[in-house]
Each structure stands twice: as structure tokens, then as C-alpha cells.
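Take the sequences, apply the hints, and build the full model.
Number of protein chains: 2
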Amino acid sequence: MPLTYNLLQRDKNTEARLGKVKTPHGEIDTPIFMPVGTQATVKAMTAEELEEIGAQIILSNTYHLFLRPGSKLIAEAGGLHRFMHWDRPILTDSGGFQVFSLSALNEITEEGVYFRSHLDGSQKFISPEISMEVQMDLGSDIVMAFDECPPYPADYDYIAKSLERTIRWAKRCKKAMTAEDQALFGIIQGGVYEDLRKESVEALVEIGFPGYALGGLSVGEKNEEMYEVLEFTVPLIPEDKPRYLMGVGTPEDLLEGVQRGIDMFDCVMPTRIARHGAVFTSAGRITIRNAEFERDFTALDPDCDCYVCKNYSRAYIRHLIKRNEILGVRLTTYHNLYFMLKMMEEIRKAIHEDRFLEYRNDFYNKYKE
Amino acid sequence: MPLTYNLLQRDKNTEARLGKVKTPHGEIDTPIFMPVGTQATVKAMTAEELEEIGAQIILSNTYHLFLRPGSKLIAEAGGLHRFMHWDRPILTDSGGFQVFSLSALNEITEEGVYFRSHLDGSQKFISPEISMEVQMDLGSDIVMAFDECPPYPADYDYIAKSLERTIRWAKRCKKAMTAEDQALFGIIQGGVYEDLRKESVEALVEIGFPGYALGGLSVGEKNEEMYEVLEFTVPLIPEDKPRYLMGVGTPEDLLEGVQRGIDMFDCVMPTRIARHGAVFTSAGRITIRNAEFERDFTALDPDCDCYVCKNYSRAYIRHLIKRNEILGVRLTTYHNLYFMLKMMEEIRKAIHEDRFLEYRNDFYNKYKE
Numbered sequence: 001m002p003l004t005y006n007l008l009q010r011d012k013n014t015e016a017r018l019g020k021v022k023t024p025h026g027e028i029d030t031p032i033f034m035p036v037g038t039q040a041t042v043k044a045m046t047a048e049e050l051e052e053i054g055a056q057i058i059l060s061n062t063y064h065l066f067l068r069p070g071s072k073l074i075a076e077a078g079g080l081h082r083f084m085h086w087d088r089p090i091l092t093d094s095g096g097f098q099v100f101s102l103s104a105l106n107e108i109t110e111e112g113v114y115f116r117s118h119l120d121g122s123q124k125f126i127s128p129e130i131s132m133e134v135q136m137d138l139g140s141d142i143v144m145a146f147d148e149c150p151p152y153p154a155d156y157d158y159i160a161k162s163l164e165r166t167i168r169w170a171k172r173c174k175k176a177m178t179a180e181d182q183a184l185f186g187i188i189q190g191g192v193y194e195d196l197r198k199e200s201v202e203a204l205v206e207i208g209f210p211g212y213a214l215g216g217l218s219v220g221e222k223n224e225e226m227y228e229v230l231e232f233t234v235p236l237i238p239e240d241k242p243r244y245l246m247g248v249g250t251p252e253d254l255l256e257g258v259q260r261g262i263d264m265f266d267c268v269m270p271t272r273i274a275r276h277g278a279v280f281t282s283a284g285r286i287t288i289r290n291a292e293f294e295r296d297f298t299a300l301d302p303d304c305d306c307y308v309c310k311n312y313s314r315a316y317i318r319h320l321i322k323r324n325e326i327l328g329v330r331l332t333t334y335h336n337l338y339f340m341l342k343m344m345e346e347i348r349k350a351i352h353e354d355r356f357l358e359y360r361n362d363f364y365n366k367y368k369e
Numbered sequence: 001m002p003l004t005y006n007l008l009q010r011d012k013n014t015e016a017r018l019g020k021v022k023t024p025h026g027e028i029d030t031p032i033f034m035p036v037g038t039q040a041t042v043k044a045m046t047a048e049e050l051e052e053i054g055a056q057i058i059l060s061n062t063y064h065l066f067l068r069p070g071s072k073l074i075a076e077a078g079g080l081h082r083f084m085h086w087d088r089p090i091l092t093d094s095g096g097f098q099v100f101s102l103s104a105l106n107e108i109t110e111e112g113v114y115f116r117s118h119l120d121g122s123q124k125f126i127s128p129e130i131s132m133e134v135q136m137d138l139g140s141d142i143v144m145a146f147d148e149c150p151p152y153p154a155d156y157d158y159i160a161k162s163l164e165r166t167i168r169w170a171k172r173c174k175k176a177m178t179a180e181d182q183a184l185f186g187i188i189q190g191g192v193y194e195d196l197r198k199e200s201v202e203a204l205v206e207i208g209f210p211g212y213a214l215g216g217l218s219v220g221e222k223n224e225e226m227y228e229v230l231e232f233t234v235p236l237i238p239e240d241k242p243r244y245l246m247g248v249g250t251p252e253d254l255l256e257g258v259q260r261g262i263d264m265f266d267c268v269m270p271t272r273i274a275r276h277g278a279v280f281t282s283a284g285r286i287t288i289r290n291a292e293f294e295r296d297f298t299a300l301d302p303d304c305d306c307y308v309c310k311n312y313s314r315a316y317i318r319h320l321i322k323r324n325e326i327l328g329v330r331l332t333t334y335h336n337l338y339f340m341l342k343m344m345e346e347i348r349k350a351i352h353e354d355r356f357l358e359y360r361n362d363f364y365n366k367y368k369e
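Those protein sequence lines, which keep their order, are chains D and H.
So the first sequence is residues 1 to 369, counted in this note's numbering.
So the second sequence is residues 1 to 369, counted in this note's numbering.
None of these hints come from the bench; they were simulated from the model.
Certain hints may be false.
A pair counts as met if it fits within one copy or between any two copies, since identical chains are not told apart.
[Said to hold, decoys possible] In silico BS3-like cross-links for lysine-lysine, where the CA-CA straight-line distance does not exceed 30 Å:
no.	residue 1	residue 2
1	20	342
2	43	310
3	175	72
4	12	174
5	43	342
See below:
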């Protein structure tokens, strides 16, 4: 078994839980946030810096690597870990989400998806089998099933039909994933519809996966709708398996997700906003480009003990960001990822000490959007 | 005295020499290459990385910092060292070179230079006194005199006239530089004309400076012309003072400069070409974007022991550079600066072991442009 999950502790008041995921490249303490390295690099960061800030696992994108540089090249390099010089666990998505969101879609058939590359318009095809082959070339520890991610909003009938196909694709993925050191997660779809989510979980559990992801969320629906979906879906997932909420989210989303029993998160947001000069602080998000920080010689977040906050001022980082200096993006990225990872570490500690709700309240009392 | 120079050893066959410069922020082994941090940042690098690759002193640009974020802001931050989190020596140029090369020049008067900012076209004025004031705000260890850097080619009469004014400006700089912990270097001008260079050195030595720079070189003249200028100018400089060749140069230029008695160099080239994916190797420069490196899983420079060459392949770095990933520029920049600093370290070792010419021949036998 390439992946095991140990449930270590349950919060008394909520669905929050503490666990440990074991993979071929090491262990992951859950709940965890996974920085995103779309093109085989977490933008602006080295592997050593990711380790320094406590990243235990990162995510990389099959769609992008499939197009460039190509998964065969990465296989020749000895796999994604070696190619990008990262020896801790990696999760790869299936390419499905990007095929549906980035590319010009041509046709969805039972066999797979025909699309045009968002880069050069060339004709491409991905199927469950091809997604598994690509992810085997990459050699990621956790592999995601190839699913259809329907647009939001979509009507019940469309979601229901799409879901049936996604379940058939999940079976094909399981059959095609023959690597013994890679663990395939199933993806629960069903939009915001309770009965469809239930149907999805039941079908996937029957197929049997070492972990389950919630897909099709954070795609345009209201936060409250997403939280509701978590509330009626997560309890259906076997408790001895990790639960991964894909593409989520903000610091608030992490708290709300953990409270509803989620173990794993990923999101490009902390690194993306960093490149535009927006940073998290314990008092809320600030935009460092703003004139108010021109002569502010305090740290990005006076409550933070990261490398950036110990050594640089808001005024300096503002200067760098406004000058388009790479170091500016490095520092905001480093800090934002540290903020997310540190927050997850504190959440784990709070669960361990039976004070998750207290932590949550303290957080919201300080953090204002 | 804020700066002292100790001549430690002279090469037997050439003008090459080994020395030590002491400044308020630490010692510098010469000959030395100084990475350039134009906007209070050596592009893409942290201070810790610069230390890791052996940078002993960096250069920053008065002109850019004068315009943005402004030297008063940096003074408020506690000076440039503190602002940019670099506690080793800093050399600042005078702003003169950029006023003449980047901005739209309005008028050169005896008092100073009227110009338009290259950023927003606003009217600006810099004089010897203003340059000194700005550099005192910055708090650099080594301060450069404000000079006119004439265009190349320029006729004898123009250079001669410009030189007279630059000498008068040098006197005003010395008077205006009142900071006790900053050392002002004079700048030798005179174009490619031997008698003018001689006149310049003599006038500056009479004024008296703790170090002398050669300006107005590497501005378009042939390499051979520059080397000739060094050959007839450097021997005129008092041997108990450091000699700095401004804005130079390539690996070859460093070798040729050291051989002719130069102690200090700076150049944006290693970092600039890195951003375009060009890297130094012991066999010569390569352009990592080229298709030939697509599946090359060896190090940038197989003879190099830097962090980048130990951990990443040409294929991966090519992928990053072609995708415009920040990490790509980080890795090529790191490697190129390491290459220059390591080369200078080897040159110092070779001088120490009385085999500078042997080192030079070995270098040229391997390194092909």
C-alpha cells in the first residue's frame, strides 16, 4: 500500500481531526496546506526554502507538465522529484480541471476529452488512461483520478450525467494506475446537490481508493454553499481515509474546511496574490504597494517570525514590488506561504490541545478582511 | 581613516597584486568582483545567498536610489545596509554615469548637471555636493566622486575640457564628503588619451583620495584600447591605494584587468545575461534556452560546485527559463555570480602561489567564446 492514513485525534466540538499520511517520500501531518508548483516549481521558491517554512507536500499540475516540457522528458530526468529537486511528497492533479478551465474544449466523449492547448491551439486528447500514464511518468506520491469538473452554475441534469461518466472514468483510472508506489485518490463530484454528492461518494467508495478529494468546489458558488456541501458530504467519507478539498483556499476557508473534517488543501492564491504585492498578516490582508506603507519600517506582519518579517521592512518590500524586482516577489511569496503553513501548524496544535474553536475565535477576532 | 588598503603580494611576472581593503563594514580581499545591486537589491538574490557565494562587497546605484525610493527615505530606514538587509561593505557610484547614459541630458554647467528623469521626464539636478549628500544618506562604505563620463568616441578637446571640470568637481566632492565612516574614491578620466589620463591621475593624487577608479572605459572602445589605457594609467596610481575599474566586465576582462594591476571590478553583465538564460561555464558561455539543452540532464557547468550545479540540470533550468519562471532566473543569476566570485578567488589563490600566468593560460585553454 503506497499510502496510509492514521487518524490520531478527533476534535470534541467539530469535525476537525488530526492525522498522519504516510507516502513513499515521507509523512504528512494533517490537516495540511499544499503549496502549488504548477510548472514543476512553486513560483519563486527553492525546495530548501519550502522545507524551511515547513512545507511537507506540494502539488504540481499534470496539464501544464503534459504540454511542457512533456511527461516523457520528466520521466527521462528520473521523475518529477528529481527533475525539480524536491524529495518530499508530491501530489499531482489529473489535468481534468485545467482541460475544462484553461483550454478551448472541443468535445467530451466517453473515451476522453479533445481540447486545444491554451498555449498554441494544437489539438490534444486526454483520457483517464493518458492521465494515469502521464502521472506515472511524473512519479508523484498521490495521483488524482481524471474527472470532469462541470462549470458553475450547471443544472442538476447536467451534473448528474457528468457524474456518471466521472464514476466510469474513476474505474478506468484505478485499472490504469499500475504503479506500486503511487496512490490514486478518487474525486467526489455532484455540484451543490446533496443526493448527487452522496451518490458520488458511495460509488467511489465501492471502487475503493486510499483517499478522497472534493472537486467542483470554489468554482464560483458562495462560500456558504461550499461549506454546506462539506457538511453533508464529508461525513459520508470513510473516516480512515484522508479528505482533500481541491483548490481551496483562503485562510478563512482553511479554518472552515478543517472544522468540517477536511485534511488536505491546496491553492495558488497565496503565491498569486504575493506576485501582486498582497500579503497576509495576522490582522488581515494588506496590499504592500499602497502609499501608506512607503515609510513603514515595520515588518510585513509584526506577529510573524518568518525570515522575511525578521529581516525586511514594509517600506523596502514596497520599493521592491513597485520596481518589479524579483526579490520583492520572493519575499511576499515566502511570507504568504509561511503564513498558511504556520496557520495549519497552529491549527494542528489547537486540535491536539482540544482548543480548536478557541483558536478559530481568536483568529477571527484579529483577522479582518 | 574609514578605509585602508594593504598590499600583500605582487605577482612576479605581471602587475597583478593581492591586497586587503578594510572598511567600516568589513574587509575585502582584492582583486575582487562586486555584484551590482542597482535598486538596493542584487537582482533575484538575497543577502544570505550573496554571502553563501562569497560576495564581500556589492555596488548600488546612486542615480536610481536618488529617483526612487529617494535617499531621504533610505536614511530614515537607517541607511542602505539596513534598508536592504546587507551588512557587508557597499560601494555606491556617484550617479554621474547614469545621468549621462540613461537620462535626457539638459545642460552640464560648472555647478552640476540638469537632466530629465528617464522614468517620468521630471526635471532633476545633480551636483558634486548633491551626489555626496545622497551618498551620505545611503551610508555606503565607499563613495564615488561625481564626474562627467564623456561619450565614446569623443574628440581630444572635448575630453580635455571635460576632464578639467571633473577635477574641479572632485575637489568639491572631497570638501562635501564630511562623513567620517565613508571613503571617497576619485575617478580618473581622460578617454583613451595617455597624456589626459596622466593629467587626471596627477591632479586627483594631489587632491588625495583613499582609492582611485578608472572611469570612462568599457563604453564602446575596443578591448585592446581599454587594456592599453590600463597599461599606461595604472602604474601612475600610488601603489598603496586600491584601483577600481568601473563597470567591467567579462571573465576575460577580469583576467586582463588583474594582470594590469586592477583590484576591484563591478559589472551588471553576469546578472543581466542570467535573466536572458545565458550562463558561464568553464568551457565558455552557453545559452540555456537553446534546443540542444532540452534533454541535457547534466549540470550548467560540470566543473562547478555551486548550489545550482549540485542540484539542478540544464534541462530543468531551460524549462524554467522558457516558462519565465522566477526560479529559472534565480538559478542562472546565482550560478553566474558564483562563477565570477569563484574565478576571482582562484585568481587570488594563483597570485598567492605565484602562478597567475599559468592560471590565465589554463583559463583561456578551456574557456572559448
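**Prompt:** Should residue 12 paired with residue 174 be assigned to within, between, both, or neither, using CA atoms and 30 Å as the limit?
**Reply:** Neither: 35 Å inside a copy, 74 Å across copies.
**Prompt:** Given a CA cutoff of 30 Å, do residue 20 and residue 342 count as a within-copy pair, a between-copy pair, both, or neither?
**Reply:** within (17 Å within a copy, 45 Å between copies)
**Request:** Classify it for me, residue 175 with residue 72: is the Cα-Cα distance of at most 30 Å met within a copy, between copies, both or neither?
**Result:** within (21 Å within a copy, 67 Å between copies)
**Message:** Within a copy, between copies, both or neither: which one fits residue 43 and residue 342 at a CA-CA cutoff of 30 Å?
**Reply:** both (19 Å within a copy, 28 Å between copies)
**Asked** For residue 43 vs residue 310, is the C-alpha pair at or below 30 Å within one copy, between two copies, both, or neither?
**Response** Cα proximity of residue 43 and residue 310: in one copy and across copies (22 Å, 21 Å).
Violated hint: 4 only; the structure is consistent with all others.
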